[in-house]
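Peer 1: Chains as they are written, first to last, in this note's numbering: chain A, 1 to 519; chain B, 520 to 901.
No lab work stands behind these hints, which were simulated from the structure alone.
Where a beta carbon is used, it is the ideal one built from N, C-alpha and C, also for glycine.
Any given hint could be a false lead.
Stated by the list, open to error - If you want a taste of the chain B side facing chain A, the calculated C-beta under 10 Å gives, among others:
(1) Arg740
(2) Ile743
(3) Phe745
(4) Ser749
(5) Ala752
(6) Asn753
(7) Val755
(8) Arg758
Unchecked claim - What follows is a list of derived Cβ distance ranges for each label pair:
(9) Ile676/B <-> Ala321/A: 28 to 36 Å
(10) Ile850/B <-> Thr335/A: 55 to 63 Å
(11) Asn680/B <-> Ala321/A: 47 to 55 Å
(12) Arg19/A <-> Asp849/B: 53 to 61 Å
(13) Leu546/B <-> Asp280/A: 45 to 53 Å
Claimed, not checked - Counterexamples of contact, computed for chain B against chain A with all Cβ distances above 10 Å:
(14) Leu526
(15) Leu527
(16) Val541
(17) Ala545
(18) Ser560
(19) Val568
(20) Tyr571
(21) Arg666
(22) Leu693
(23) Arg695
(24) Val714
(25) Arg718
(26) Thr742
(27) Ser842
(28) Leu868
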Amino acid sequence: MKSANDAGPPRAAPVLSMRGVTKRYATGTLANEAVDFEVRAGEIHALLGENGAGKSTLMHILYGLVAPDSGEIAIDGHPVTIADPADAIARGVGMVHQHFMLVPVLTVAENVVLGRELVGPAQVLDRAEAARRVRALSERLGFALAPEVRTEQLSVGQQQRVEILKSVYRGARILVLDEPTAVLTPQETREIFTVLRRLADEGAAIVFISHKLEEVLELADRITVIRRGKVVGEREPRETTADELAELMVGREVSLRVDRGRSRPAEVRLAVRGLRVAGDRGHEAVRSVDLDVRAGEIIGIAGVAGNGQEHLVECVVGLRAAASGTIHIDGRDVTKGSIRQRRDRGLAYVPADRQRAGLVLAFSVRDNLALTTYEDAPLAHGVGRLLRDRPVIDASARRLIERFDVRTSSPSVETGTLSGGNQQKVVVAREFRADLRLLVLDQPTRGLDVGSIEFIHRQVLAQRDAGTAILLVSAELDEILQLADRVAVMYRGSIVATLAAAEASRDRVGRLMATGAAA
Amino acid sequence: MIFARRLLGAWRVGAVPALSIVLALALAAVVIVLSSAFTTSGLDVLLPVRAYSSLLAGAFASETAIANTLVAAAPLVLGGLSVALAFKAGLFNIGVAGQFLAGAFAAAVTGASLAASPAPVAVAASLAAGGLAGGAVGFIPGYLKARTGAHEVVTTIMLNNAAALLLTWAVTDLVRAPGFTFPRTGDIGNALLPVIAGRNLHLGVVVALLAVPAIAFLLDRTTIGFEIRSVGANPVAARYAGMRPVLVTALTMTLSGVLGGLAGAIQMLGVIGFYAPGITASVGFDSIAVALVGRSDPVGVIFAALLFGAFRAGAPLMQIETSVPVEVIDIIQALVILLLAADVIVRRLFRIRRARGGLGEPATVTRSWSSPEVATVAAEPR
Chain A
1 MKSANDAGPP RAAPVLSMRG VTKRYATGTL ANEAVDFEVR AGEIHALLGE NGAGKSTLMH
61 ILYGLVAPDS GEIAIDGHPV TIADPADAIA RGVGMVHQHF MLVPVLTVAE NVVLGRELVG
121 PAQVLDRAEA ARRVRALSER LGFALAPEVR TEQLSVGQQQ RVEILKSVYR GARILVLDEP
181 TAVLTPQETR EIFTVLRRLA DEGAAIVFIS HKLEEVLELA DRITVIRRGK VVGEREPRET
241 TADELAELMV GREVSLRVDR GRSRPAEVRL AVRGLRVAGD RGHEAVRSVD LDVRAGEIIG
301 IAGVAGNGQE HLVECVVGLR AAASGTIHID GRDVTKGSIR QRRDRGLAYV PADRQRAGLV
361 LAFSVRDNLA LTTYEDAPLA HGVGRLLRDR PVIDASARRL IERFDVRTSS PSVETGTLSG
421 GNQQKVVVAR EFRADLRLLV LDQPTRGLDV GSIEFIHRQV LAQRDAGTAI LLVSAELDEI
481 LQLADRVAVM YRGSIVATLA AAEASRDRVG RLMATGAAA
Chain B
520 MIFARRLLGA WRVGAVPALS IVLALALAAV VIVLSSAFTT SGLDVLLPVR AYSSLLAGAF
580 ASETAIANTL VAAAPLVLGG LSVALAFKAG LFNIGVAGQF LAGAFAAAVT GASLAASPAP
640 VAVAASLAAG GLAGGAVGFI PGYLKARTGA HEVVTTIMLN NAAALLLTWA VTDLVRAPGF
700 TFPRTGDIGN ALLPVIAGRN LHLGVVVALL AVPAIAFLLD RTTIGFEIRS VGANPVAARY
760 AGMRPVLVTA LTMTLSGVLG GLAGAIQMLG VIGFYAPGIT ASVGFDSIAV ALVGRSDPVG
820 VIFAALLFGA FRAGAPLMQI ETSVPVEVID IIQALVILLL AADVIVRRLF RIRRARGGLG
880 EPATVTRSWS SPEVATVAAE PR
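One chain only, chain A, in its complex shape (with noise of 0.2 Å):
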């Protein structure tokens, strides 16, 4: 006899919990407030939430980096306080940061193991012992992982794990993946779930972090979305959808989906024509690229990342010299152009790392706004246009600000305070101006919310209803199959197929992706 207690598999009491957790950083930030939050043994939980709604926080709390003000902590039930990263490791929480935080020269048992040496006697380190330890953890998690290799050889997903085979390898019971996806491919994305899953299985309890509906919907067993240090719901997948979730997150009904509306493409703007560029290691990282973008279409570029797709932009705005080959803006030669005569002839570039290259956050968002027009009328005057008129660049940056609905309580305000989000808009505000012939978009929404996705979306579509000619490159295939009119994959520095958009499905891109042929 069956009581209906016992009916399905007893729920496990959570191996972490969080109650009632408050921060408040020294600027006034409310972070998080009363945040509860639990995970359990074998569960996979998703903390869901835009950039700056404090899930980074709370997950720093619990790794010992920041103190809360208030709120409990307990593992296995016990009550903890946690003073540093040391001490979370301790007790078994590991963390996956979205900057990877390896020693690139070392190979991946040095990585794994560091800070927990294996020595011989005379304290010399046992690298044998090391090694063959990781390649035992590492073929229990199926990672295919050589440990002899330097961490630097490794692409992106294979970083990825070995941080945590760094974690587990620490003891972590408790494992938080901060964005880990951010950084990845569709195919790597798919294989970093089969490995969460499986350490679940095993009886991990995993943390992670996203502001990405549909992997959260896909991955998660539970999920806890945040919005503005509150907790504002938790749901399990089954029982929610993508757009309730959005809502939940930003609270308001947004869009997933922009209408991309019909394309009237025009004449050639960008002609790239035979197009070889070296990479850093003296490669071809792009070979003999032919590519067309007209007036009034987008055309999306996707590669898994390394297949040459920067080197192409790059070489493309100015920053990079082509080894052979044309380039030619309005049918003008600008091969061998400066970055700056080609701005000169209506680009506009919106770089991949906007904090590293598409930003100064230093200066303040006025400064930011006229960096790339600085010496341009009406912004400067004077002989040589050497003066720079302080009225005019105040008043064209406080237009931008309210164009592009930049949220900043001045223009005076150091950019590098604003959220993601706002940031990227200075940069998009600042790039999408008013003689733009052709622009070049490298992840344009890369770690930003779907609220800020969604308005840089529109204005993209703006830019090519009004004639703009527009080169798309993502890391999110899924932003280049909504946006683009054609899809131009890259495959080992070539462009492999061009697909209109509506012969463009996901699979079939995805398949050229990774083998660069069609069947």
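Add chain B to chain A, keeping to what the hints say.
Peer 2: Just chain B, lined up with the frame of chain A:
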């Protein structure tokens, strides 16, 4: 309200330098007390008080004292601006000493050859020659950094020695004036900077003060200044935006050298009078302290230069009255640099939060020599 906020802002920027100076004075006081144990009078706990009050008196207690302070501060203003300007472009110019000597030498030689010309011509030409010579010395590390990525700290230090030795040779074998028992340049005659007040307050003080708004204007109001600040704050973003970090680097080091050369020129034409081997270039090292204490802000540089000028002007009286050697000033200055470079110590001690976005001179000072930014700038395609 706005005034209060301004004041708070100024405190945020100025607190660490101000407290560093206080701390350096306190630490130097300990050294003074300890060193008194080795004198005939024995351990004297109150010696620092007497030493510092003599120092103060020597710097400010009379019109002459104040004039001495201003005269000592003038080359420090120019040298401090030189280092500060380089900091704004993310460069660490340790080469002020060499630029100073080159400027002093060129001014001395030009002054000597124009000694009989009308004073305005002689003065203007000699100052210009000093600036140009400093600029030429500044251009070399700028060019090397821009073209090859050679770190300016290494090249400027080496150039300091190279310049000093080369100029010693030049004054001994090339332009030695006849009729003196030791190698030196001729009298500068009409190129001597006119005294505008008191016994020795010369026109160079005005030159130094005019340079401050000029550099502030360059940085804040011109497109070149914008490029310098952009390249300094983020060379990668500057390049992506279409600027040329390579050119900006070479240009900034040249301008920085001009300022260092001018510092040498006014010191030569206003104080020293002739170039001889072994003339002191302590302004070079002091300028780094001035720029750090002034937080690379042109107006801040004035205050810092006045402070160190006062130290230099007051030190002799301190030595005469209390037998505390003038070298204590060097200890104070070195401690100030140390405390500012390791500002964490001061912040911990006085619980000061880091001001947001303040340009990181210490970051420039301590930046790794193989940082990716440096590599990127050097790797720019030709």
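Peer 1: Could you run down the list of hints and mark each one as holding or not?
Peer 2: These are the hints, each one checked on the structure:
1. Arg740: OK, holds: arginine 740/B within 10 Å of chain A, min 6 Å.
2. Ile743: holds (7 Å)
3. Phe745: Holds, because the Cβ-Cβ distance from phenylalanine 745/B to chain A comes to roughly 5 Å (cut-off 10 Å).
4. Ser749: holds (6 Å)
5. Ala752: holds (5 Å)
6. Asn753: Interface hint status for asparagine 753/B: holds (4 Å vs cutoff 10 Å).
7. Val755: holds (5 Å)
8. Arg758: holds (7 Å)
9. Ile676/B <-> Ala321/A: 28 to 36 Å: holds (34 Å)
10. Ile850/B <-> Thr335/A: 55 to 63 Å: holds (60 Å)
11. Asn680/B <-> Ala321/A: 47 to 55 Å: Once the Cβ atoms are compared, 38 Å apart, the range 47 to 55 Å for alanine 321/A and asparagine 680/B is violated.
12. Arg19/A <-> Asp849/B: 53 to 61 Å: With Cβ atoms ~59 Å apart, the hint holds.
13. Leu546/B <-> Asp280/A: 45 to 53 Å: Given about 48 Å between the Cβ atoms, the range holds.
14. Leu526: holds (18 Å)
15. Leu527: holds (15 Å)
16. Val541: holds (25 Å)
17. Ala545: Fine: 29 Å to the nearest Cβ keeps alanine 545/B off the interface.
18. Ser560: Non-interface label stands for serine 560/B: nearest chain A Cβ at 51 Å, farther than 10 Å.
19. Val568: holds (39 Å)
20. Tyr571: Tyrosine 571/B is indeed farther than 10 Å from all Cβ atoms of chain A, at 37 Å.
21. Arg666: Holds: least Cβ distance 16 Å, greater than 10 Å.
22. Leu693: holds (39 Å)
23. Arg695: holds (43 Å)
24. Val714: holds (36 Å)
25. Arg718: Given a closest Cβ separation of 41 Å, the condition holds.
26. Thr742: violated (5 Å)
27. Ser842: holds (48 Å)
28. Leu868: Given that every Cβ of chain A is farther than 10 Å from that of leucine 868/B, nearest at about 19 Å, it holds.
Hint compliance for this structure: hints 11, 26 are broken, all remaining hints hold.
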